[in-house]
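*Asks:* Chain by chain, the residues run as shown.
Number of protein chains: 2
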Amino acid sequence: MKYAFGVDIGGTTVKMGLLEEEGDIVESWEIPTRTENHGINILPDIASSIKNKMEERGMSKADTAGVGIGAPGAVDDNGVVFQAVNLGWTKFNLKETMEDMVDLNVKAGNDANVAALGEAWKGGGRGHSNMLMVTLGTGVGGGVIINGKIVNGVTGSGGEIGHIHIEDEEPNACGCGNHGCFEQYASATGVVLLAKREMANFEKDSVLLHEEITSKNIFDAAKKNDELAVKIAQKYGYYLGKGLATCATILNPEIIVIGGGVSKAGTTLIDLLRPSFEKYVFKGCLDTEFGLAKLGNDAGICGAAKMVLD
Amino acid sequence: MKYAFGVDIGGTTVKMGLLEEEGDIVESWEIPTRTENHGINILPDIASSIKNKMEERGMSKADTAGVGIGAPGAVDDNGVVFQAVNLGWTKFNLKETMEDMVDLNVKAGNDANVAALGEAWKGGGRGHSNMLMVTLGTGVGGGVIINGKIVNGVTGSGGEIGHIHIEDEEPNACGCGNHGCFEQYASATGVVLLAKREMANFEKDSVLLHEEITSKNIFDAAKKNDELAVKIAQKYGYYLGKGLATCATILNPEIIVIGGGVSKAGTTLIDLLRPSFEKYVFKGCLDTEFGLAKLGNDAGICGAAKMVLD
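Residue numbers (our numbering), protein chains in the order written: chain A, 252 to 561; chain B, 252 to 561.
Next up, chain A with everything else stripped away, as it sits in the complex:
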């Protein structure tokens, strides 16, 4: 039995896991992400933690397939990080740097892409080798899996579906500088933006006028048929379906797996996106399946481990 380490580097903590080759998580733990001094301590901290764990368990190099790492930035097929703003990192070879530290096989990828691989392996996309994952959080992340492998892209920007252009009339700029990005509508922040715009033209009463405007409150109210919330949820579904239709037309995936905070709204979300998905998608891709992510915060460590187990 081979084991693999899965590492998911976030802005405040590094999630780490030791997995069996079939995908069971033997143990998972966290260490703080020390971002000071351009994040110079992050990799040595991870390396120490791995060495300690191997010693603790009496593991040798031969027992492990290696270390997979997901990082919040653009990472290419060779494990080169182009930039990871939240960690203070600029361009360097993450894979080689870590290999020197731990003397194990290392692979690295973008965190959203790595999480997608985790969901394809043992989560919402299980059994599907061609999958698109979309993560609806503060922003919109994406990951494209083709033939069971991540599409990293030449400069590590593969799967950046949050920044496809879907609306010509957007006055606000996206965080990336463009206008009308998918993320501006389909993220948790996007739901709130759409809510404010709908509320400006809504003259009746709504529970949303008496509580904090969050994606959770909006979808909860929509489930209870609050008129304003239903309008907002439908608008959200329109944009979500429109953006995913473009991705599906290009990739023709077996399944689109939806994760991230907004996906807690559940299958309602799939019902909401379907009309505009069907309107905009190429007819040959109409049978695209939809599913919800299942691994939650473990998707990253699972996908990271999978990279070295393949």
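A partial selection of chain B residues facing chain A, derived with a Cβ cut-off under 8 angstroms: (1) Asn381; (2) Val405; (3) Gly409; (4) Gly410; (5) Cys427; (6) Gly428; (7) Thr500; (8) Leu502; (9) Glu505; (10) Tyr531; (11) Cys536.
These are calculated hints, taken from the structure and not from any lab test. Don't be surprised by glycine CBs; every beta carbon is placed ideally from N, CA and C.
Starting from the known structure of chain A, arrange chain B on it as the hints suggest.
*Replies:* Quick look at chain B alone, frame taken from chain A:
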């Protein structure tokens, strides 16, 4: 030295080639495509032609890597054709059917995808394993190559970039039934549509008012700074760049190769699309290279042969 047969099935002729494993075309020829009776003769005709060629050259099964086939329809990873309207074909396994006929290894793909593989192997995308090809003809075809392999999609519709939605305000329906598809603007037919719309609002003289409105005449006149033609060409470039920006944001390819009749306009086309490409693409993909297709009508037989040589 291994040889491979490359077969490119069109609506009126089947282009066939015998290639060396390094990609040199030893010989190429054509046979008619007999589409009557739901195209029942097409594969037996191809099989006979291959057997005759092998006999003529004294080739044995051991001399060949097999037969690659590009067909004008949706074809999945297993060689299943879902439909090929121009040939009269409905769903069947093209790969297995042909294998039974010729007793050789067979692979099959969609013609636009197969042509993209040809261009990636020895044409405009040579040296690049992650490439997007767009073919600007009567329609807009596309082919996505990731790690040197075609992305066929689960129902053979991978790379159908002609049908991504890029314009909300389009009153006309696309051939696919949707409104505002990339193909409605970026095809040769699209240039003519854009020309007619610009002409309706143009009150000065132009050479285009005295000749047939074709994409060739429009780009020729634009090169001579005809004011109307320049407006049309810029509008065309706007849409071409906008659609390709979406594809690049999802795939982050090394290069986008442009082929098809409209690409005869040459590098002008790349200059025309660049402003809107840069406006709409995710910043991490700004360095995407552009190139022109080089293989012309041979792209199909080359890509087809490559499928079985891999």
